[in-house]
Every structure is written in C-alpha cells, then in structure tokens.
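Q: What follows is the residue order along each chain.
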Amino acid sequence: MEALRFGQAIGQALKDAMAADEKVFLLGEDIAAAGGPFGVTRGLHKEFGGDRVRDFPIAEASLVGTALGAALGGYKPIAEIMFMDFCTLAMDAIVNQAAKAHFMFGGQTDVPMVIRTPHGGGLNAGAQHSQCLEAWFAHVPGLITVCPATAQDAYGLLRSAIEEPNPVLFIENKSLYAKKFEADGELQHVPIGQARLDRAGSDVTVVTYGAALFDARTAADKADEQGLSVEIIDLRSLQPWDESEVLESLSKTHRLVIFHEAVEAFGIGAEIAARIGDVGFDELDAPIVRVGAPFTPVPYAPSLESAFRPDADALLDALKRVTA
Amino acid sequence: MADDASSTSDLTADDQKVLLECYREMLRIRRVEERLSQLFADREIPGFIHLSIGQESVPVGVARHLTAADTIAVTHRGHGHALAKGMALPKFFAEMMGRDAGICAGRGGSMHIADASVGMLGANGIVAGGMSIATGSALAHKMDGQGNIAIGCFGDGALAEGIFHECLNLASLWSLPILFVCENNGWGEFSKTDQQFRGDLSGLATAFACRYAFADGTNVLSVVEVADKLIAGVRNNTKPAILECRVERFHGHFEGDPQKYRAEEELKKLEANDPLAIAKKALLANGIGEDTLEALVPELDEEIESAVGFANEASPPAFSDASADVYARSV
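So the sequence lines, in the order shown, correspond to chains H and S. Residue numbers for the first sequence follow the numbering used here, so the first one is 903 and each next one is one higher. Residue numbers for the second sequence follow the numbering used here, so the first one is 3 and each next one is one higher.
Pulled out of the complex, with its shape left as it was, chain H reads as follows:
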C-alpha cells in the first residue's frame, strides 16, 4: 500500500461511508464538481451524483440548519464549513439547535450529523482563515468535538463520527491535508473519546492534538538528545477527552505539559490543566504548563505568523521548565 495523504484519508472515509449507507450525503460550498477548496471531496460527486454530493450556496447558517433538518428526517448529513472561522455564521444552528435537540426534546430524537471544518494557520491566510476555535465547541454540552492528527485517525474517527447519533464537529488541520503517512495496515474505525499513546516516555507527558502533534514529536526528539524522556498523548477527541489515559501517563511521568496551536487563554489546555490539577494533584511533581498561541488574532505576514504559532522550541522550553 502506498503512503496516504491526510486529505485523501478523509475523502476515503467519506466514500466508504457513502457506499455503506445510502442515508449519508454531503453538503458544502464548492464540494461537488470543484472537489472542495482542499480537494478532499474530489471524485465523490462523479461517483455518487448531485443528490448525495450537494454544492451549497455560500450561506453557512442555513447550511448547518439544513443539515440538522435532514438529520431529524433520518439522513446522515455531513456539512462542510470551508474554514473554521466561518462557523461563526452558523453558531445558532450548531449551538442552539443541533447541540440541544436531543436533550431539549427529552431524548426523542437522534441527531446524526457531522460538521467537517479545517482550522489552523501556517498558510498566511490571516485572521479570518486560520483560527483554532475548538474550545468554543468543546464548551457546549451536546456536541462531540474531534481533531485527528494522522491519516489513519482521520479516516477512523470520521467513520465513527458519521455513525454517531450525536452532532460531531470534525476538525481538520489544513496544514495536514497534503501530509503523507505511511500505510500501516487496513484503515479502520477509531472510537470517539479514546486518546492514543503516540510515544512512550518516562520524564514528562505532553498532551496534544491535531497538527501540533508533529511539533511535539520534534520537541521530544530534541529533549531526548538532552536526556529527557517525553511521553506524547494524542488526544484525538477533545469532547469527550480521555482523562483516564492522561492520568495513567501522569502516574508514570508526574509532569504534564499541554500543547496546542489554539490560543492558550481559556483553551482546551486550560480545561485539561484544571481537571488534572484536581483529580491528578497527588501525582504531580511540577506545575502543569500550557503551551499555546499568544492572545492575539492570527497575523498575516510570515514573520508575524511564525512568531504567533507555538512551535517545537516553545514546547521544549516548557519541557525543560517542568523538569528543572
């Protein structure tokens, strides 16, 4: 088997899910003949036709609301929001409607829908095409939020997300789409809510997700050269997140750094730190440290954006701090 690109894995998951279940259909801006801005849905329109791969007007609010209405009607829609920043236009449908329909209606209905959307910088796309807004959604009861880092996990989590009876926000880091991953056996479902031990180590645990995983690996390599053994946990699912996996690692390393591309303040890392500071306090030999983006909008100029994005060196500094 050849190497698999992250974006191809997502396309494969969509294709396999559509072949397996005729209720699955796609809707989004420019996803049909155009194949999507990142080429993820390329070929699906030709294979499945315009009823199941639907180009939507540039109207994000009704895009998500329409997906919800179809989900309540027994379908399994997958709505693509072209950039995560555009979710702002669909917040009512996501937060007030889809997230609450099951609970608010007393459990009468399932809400089997997926919202796929890319986050992250690195493309100099500026303040409105680069944000990592996952913490907003992880804060909303009723939503599931996942963010894979590898092609295998992207495939497997998407297959699971499509089969979920709950609304899932499926976040894809746009810098990963073209990244190649070595094939390691059959692609298969990945359960939602389970983290993955990416690298075993003994001195400090790094909890991360999405594209930040690869900077974490670089930092771990550098740390290793300096005699520091780093364990990396790739969360994969942000809500629900795998607390027990993190605690298990902590019981071995007794030090925790949380590393993500999103703005650090009030982020995913803040929640994990607070929670582990509570239930894992006895295991801690050092303060929990977060490494995320500074509290500014994502800037445009390459010099600014690279200064903004948390990188391996920033993580390495944090690793040294907690092990000093």
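It should be emphasised that the hints constitute simulated quantities derived from the structure, not laboratory data. Glycine included, C-beta positions come from ideal geometry on N, C-alpha and C. Just so you know, not all the hints are guaranteed correct.
Unchecked claim - FRET-style restraints, in silico, Cβ to Cβ:
(1) S:K262 <-> H:F1168: 36 to 44 Å
(2) S:Q198 <-> H:P1199: 30 to 38 Å
(3) H:S1146 <-> S:L175: 43 to 51 Å
(4) H:D923 <-> S:E296: 51 to 59 Å
(5) S:Q148 <-> H:D1086: 44 to 52 Å
(6) H:T1120 <-> S:A211: 54 to 62 Å
(7) S:L175 <-> H:K948: 17 to 25 Å
(8) H:A922 <-> S:P300: 53 to 61 Å
(9) S:D202 <-> H:T990: 29 to 37 Å
(10) S:Q198 <-> H:K948: 45 to 53 Å
(11) S:F192 <-> H:T990: 21 to 29 Å
Fit chain S to the given chain H structure using the hints.
A: Below, chain S alone, put in the same frame as chain H:
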C-alpha cells in the same frame, strides 16, 4: 381585515362542515391557552410563555391539509401548531408545567416543545431558528420521494433575520417541498413590524421566485382555502411557497407583558378581529345552533382538565435523568 367574509348566511354545506370543525379546533387551542394563562398567573407554569390567542386560524387552517408524515417547525408562539399537528394534550400540559411526563421530559418547556411522533420538529426560542430546520426537513422529504412536505412557520418579526432569506433562496434554488407560513400579527416582540422591516413578503416571494398568497387570518376559511391551494402546489410540484396570514396578537409578547407600547385604540379593535368570534358569528348565521357551539366548551374543558390533572400527578423531573441524556448514547 374582518370584512365578515365568513359571516354571510350562504355558506355551502361543505364550508359549514369545515367551519364547524375549524371552530372546534380553534376553540380547543383558545381554551388550552386561556388555561395556560391562568396556570402561569398561578405560578404553576415557570419561565416564559408566549400565547397565540387571536392567531388560532393559522395552525388550524394549515394543519388540516397535513398528514402525520409531513413536518412542521414553528416559533416561540407555537402552542397552536403543536396541538393542531396532533401533540397529545396530557403530555403537552405536563411539559408546560415542567413534569417528567412531559413530551420533552420537562427539559424543553413552551419555547422548545416538540413531538417527533407527529412531525412537530419544535417550537424555537430563536427568532427564525426553525426556518432552516424546516428547510432541511423538506430536503429529507424530497430525497425520500414520498410526497411529504415541510412547513416552516414564522412571525413577521423573523422577516429581517438573515437566515430566513437564506432559506427562501435555498428552497427555491433546490425546489424543496416547503410551505413558509407567516403569522403576521404586526408586532415583532415589542416593536411594530414597519419599524423593523422595509420590504414586504410578497416582494420577497417574487425576488426568490416563490409562489405567494395572502390569507385573512381573521377568517379561518380564508386560511383553509388559501393553504389548501398552496400546499397542493408544494406537494405536487415539489416547490416552495409562502403563505402570509394577517392576524392579531391579543396578549403581550410574553405572558405578563403589560403591552404599554400598544395604543388603546388598537387594543380596543382586537375583538372585532377575533377569528373565533367571527367563525362563531358565521356559524350562527348559517343555522348552527348556539347550543351546539356552547356544548363544545365543557367537552373541551373536560379534556383540558384531565390533561392538567395528568400533569399535576406527574413528578418534577430528576436532574440525574436529564444529565445522563445530553447525548443520544453514553459518551
């Protein structure tokens, strides 16, 4: 409005039959909401409730053309639609009163009442919030190909909401089987419609290439007739249409609203535009005995009191049950 179109004494036998049925259904909604008003004043119903007294002609006139498989998403002022679509009264009252036996297990209340078993996709606490849900439901109907349709109900207060325009566009672009029903009561919450919206709905219909028709909501037969034609078109041609019904909102925006922003003059005129009174007058003019109409009241009240009794016997919901059901599976 209220030109007494239905008060003429020459209704056909069929119209008389329809009018009597509609009268009963409107009276049922009216009695239910008057009971709600009382329960709210007695603090038996918490939160906010928005009554549709004066607007009963719309749910009654529309729902009689719908099947159980058709779907409807409605507004915060949605009690009438919920009942007209077939929601069972005991579970309705239990929900309003925040009981575990409520149709939404006491988690929704008036603004979020829904009944999937009768295609009622929910009242909505967000103005125009149900529009895209109805549109998506219409997409599901179209893909199913069974001839079912969706109703997206909204008030004139939704006319300035962007999502409404998005939905009109999509429904027309994709030829979706949906009827958008506007209950135009002249008020968007506490402000007059003409202070909020520059256009008019028929103009919007033209802009989005949708069929449009107006019905005098004070005359339920007008709603029945106009809705019938539009719904037949939506169903047979799989195309959207817009029905605008002019009605009056008798009570405040929410129950307890003293309506100080409404002129005395306007409030005095409300009774003359009461669809229930107008229907009654027409029935009497057409030889239906007053005793026949009066007999409906105790019959309906018995059903209502039985439902209230059911609600009273039910328990307040346990938070542990609610918190265990945030997701449709244990996550």
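Q: Decide, hint by hint, whether the structure agrees.
A: So, going through the hints one by one against the coordinates:
{"no.": "1", "hint": "S:K262 <-> H:F1168: 36 to 44 Å", "in the structure": "holds (41 Å)"}
{"no.": "2", "hint": "S:Q198 <-> H:P1199: 30 to 38 Å", "in the structure": "holds (33 Å)"}
{"no.": "3", "hint": "H:S1146 <-> S:L175: 43 to 51 Å", "in the structure": "holds (48 Å)"}
{"no.": "4", "hint": "H:D923 <-> S:E296: 51 to 59 Å", "in the structure": "holds (56 Å)"}
{"no.": "5", "hint": "S:Q148 <-> H:D1086: 44 to 52 Å", "in the structure": "holds (45 Å)"}
{"no.": "6", "hint": "H:T1120 <-> S:A211: 54 to 62 Å", "in the structure": "holds (56 Å)"}
{"no.": "7", "hint": "S:L175 <-> H:K948: 17 to 25 Å", "in the structure": "holds (22 Å)"}
{"no.": "8", "hint": "H:A922 <-> S:P300: 53 to 61 Å", "in the structure": "holds (57 Å)"}
{"no.": "9", "hint": "S:D202 <-> H:T990: 29 to 37 Å", "in the structure": "holds (30 Å)"}
{"no.": "10", "hint": "S:Q198 <-> H:K948: 45 to 53 Å", "in the structure": "holds (46 Å)"}
{"no.": "11", "hint": "S:F192 <-> H:T990: 21 to 29 Å", "in the structure": "holds (28 Å)"}
The structure agrees with every numbered hint stated previously.
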